[in-house]
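Now for the letters of each chain:
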Amino acid sequence: MTTQTPMIEMRSVSKHFGSVIALSDISMQVYAGEVMCLLGDNGAGKSTLIKTLSGVHQPTHGEMLLDGEPARFKSPAYALDAGIATVFQDLAMVPLMSITRNFFMGREPTVGWGPFKRIDWKYADRIAKQEMSKIGIDVRDPSQPVGTLSGGERQCVAIARAVYFGAKVLILDEPTSALGVKQASVVLRYIAKARADGLAVIFITHNVHHAFPVADAFTLLSRGGSLGSFRKEEVTREEVLNMMAGGAELESLDAELAEFQRSDREKKANSAAADQPTPKADGGNVDESAEKRLAGGY
Amino acid sequence: MSSNETNPSAAPAAADKDERIQRVSFWKKALNRPELGALAGTVLVLAFFIAASSGTGMFTPAGIINFLEVAAQLGIIATAAALLMIGGEFDLSIGSMIGLAGILIAIPAVEYGWPLWAAILLAFACAGLVGWINGNLVNKTGLPSFIVTLGFLFILRGLAIGVSRLLTGRTQVGGVQEHIPGDWFAALFSGEVATGLFSWMATQGWIGTNFAGNPVVSGIPVSIVWWLGLTAVATWVLLCTPYGNWIFASGGDANAARNSGVPVHRVKISLFMFTAFSATIFACIQVMDTGSADTIRGLLKELEAIIAVVIGGALLTGGYGSAIGAALGALIFGMVQMGIFYTGVNTDWFQVFLGMMLLVAVLFNNYMRKKAMEAK
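Same order as they appear, the protein sequences are chains A and B.
Under UniProt numbering, the residues of the first sequence are numbered 1 to 298, in order.
Under UniProt numbering, the residues of the second sequence are numbered 1 to 376, in order.
No lab work stands behind these hints: they were computed from the structure.
No residue lacks a Cβ here, since even glycine has one placed at the ideal position from N, Cα and C.
Careful: at least some of the hints might be erroneous.
[Stated by the list, open to error] The following label-pair restraints were derived from C-beta to C-beta distances: (1) B:Gly-128 with A:Ser-177: 44 to 50 angstroms; (2) B:Trp-132 with A:Asp-141: 35 to 41 angstroms; (3) B:Leu-316 with A:Asp-141: 46 to 52 angstroms.
[What the hints assert, rightly or not] Residues from chain B that keep clear of chain A, each with C-beta distances beyond 12 angstroms, as calculated: (4) Asn-136; (5) Val-264; (6) Leu-300; (7) Asn-346; (8) Leu-358.
Sequences are here, hints too, so could you generate the full structure?
See the structure below:
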């Protein structure tokens with residue numbers, strides 16, 4: 001791996017918004033044919049990082065290298081041209097438009113010339129259907145509105161579109177967060193497929209259980225800084241989870257939970273001890289007064 | 001299915017391919033088209049007036065040309081309004097633009113001796129500028145186009161009245177018709193086409209002749225040709241060109257369109273310019289037809305255009321609609337307006353009917369869109 005040039009590399013990238021330091025000194029390397037999972041809690045800087053990668057923001061310090069060449073993107077369009085495709089959470093889809101129209105939005109295939117240039121619908125429909133079936137989604141009718149698709153299918157249309165238009169780096173912003181188990185597995189399967197096709201995939205997620213099966217490497221972000229990158233071989237699921245949520249916090253949570261359990265046990269033991277000597281009438285009295293209160297209340 | 005779950009390499013799609021593909025019938029497909037409601041409405045209105053106005057002459061050749069001409073004038077601006085509404089915006093300045101364009105044609109031609117073609121080009125240039133300003137204001141400020149163009153509704157109307165009174169001392173300018181003969185450009189907006197065909201049809205006895213032996217309908221008014229032509233071009237653009245896809249995308253979700261590389265701003269500016277141009281075409285035809293311009297021409301036309309577009313199945317929120325639907329909307333409008341006249345119902349009721357049509361159309365469209373979204 002070390003002899004290979006990373007498909008995309010960040011060297012000490014920082015991003016400041018006025019006085020807020022959103023990212024500080026992030027370094028990361030993603031190779032072709034690899035999935036890099038970007039993990040981090042809310043506010044860790046995941047969004048800022050992918051927006052920097054996709055050209056929405058420009059880094060304040062540091063540099064980015066695409067295939068070994070320094071790259072600077074003025075806008076998302078430049079990043080797209082350079083082969084960095086980002087599938088944001090809102091997916092950039094128009095629900096009322098057909099699958100084919102969405103798939104080729106902004107990049108319609110045409111036939112004819114001059115004023116008679118028109119969209120090659122036959123070709124477009126065929127490609128849309130074919131690209132969707134490649135990822136195991138059988139489009140019933142490519143002219144049906146995207147709004148009729150399920151969340152996972154929509155996600156797959158967005159990813160398939162990015163891949164079809166020649167992405168070298170695929171950035172996926174929480175693609176599985178709003179999906180059910182089955183739909184998430186469809187998306188994960190597709191991520192694995194994109195990796196097999198030689199793309200560099202950056203996969204942002206909260207969910208370690210989604211990240212672990214497909215990832216080759218992890219980068220953990222916390223409060224705008226990087227906790228480091230790890231190869232999958234080097235870490236266990238629990239270690240990643242620990243680092244993600246901040247190990248100390250999880251430990252204190254564990255301690256608190258243990259405390260609850262202990263007090264629960266004590267209570268049970270107490271009540272068991274108390275139940276035996278107490279006459280039944282006592283309990284009945286309490287119930288009666290409670291009933292009276294209720295009756296009065298209504 | 002469940003056995004496949006554990007094995008990621010198995011393609012589940014192959015297993016349930018058969019149960020998911022089913023032949024979608026022609027009718028189900030037709031139900032998803034935006035113009036379906038307008039088509040049903042057209043048939044209903046047509047049937048109603050054929051029954052109600054029998055013997056009144058509404059469906060003689062002359063009567064048909066009459067209501068088609070009303071529909072055509074509205075249809076010209078409705079086509080442009082439809083494209084703009086699909087693109088997610090309104091233009092309330094269409095009506096005022098009609099008044100202003102008329103003045104811009106008549107004053108230079110009548111008062112300053114410009115050739116008519118130059119005056120018409122001036123009107124088109126000004127219309128382009130107005131559309132460009134409208135589009136840029138909407139793009140740059142992010143304000144709703146409703147407000148921006150409402151401003152221009154008053155600005156343009158005021159300009160028309162102000163300029164015309166300043167230069168001529170009047171708000172009406174007549175005497176355009178003597179400039180029409182021999183002007184190549186004005187010929188595009190005046191007169192009738194296929195006059196030969198109609199005289200031939202008269203000699204065959206297919207259409208009646210008047211006392212002088214001329215056919216009762218001497219030709220197809222040029223406005224109808226413009227209407228059909230613009231509708232055809234707009235339909236082709238919407239359904240077959242990348243630009244049409246960009247219009248749908250800009251209206252459906254401007255942000256998504258921008259992220260996908262659609263030049264949303266340019267699309268919107270061009271659509272605003274097209275509505276202003278269509279208002280100018282309307283004004284040209286009207287000025288050539290009547291031989292005069294009046295600053296109050298085109299009053300409320302913007303709202304009538306929106307009614308036609310909505311009856312035609314377009315969504316007010318953008319991203320959905322059709323040019324054919326707008327043409328049908330205009331046709332319904334023309335039939336009802338003239339039909340009420342022919343059937344002898346008090347014309348006061350026209351507006352009541354129009355408002356009700358609008359409400360029914362909107363309710364129907366909403367229902368159809370819901371149906372389309374759950375079409376599985």
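Exercise for review: Please flag the earlier hints that this structure goes against, numbers listed from lowest up.
Suggested key: Of the numbered hints, 3 and 5 do not hold.
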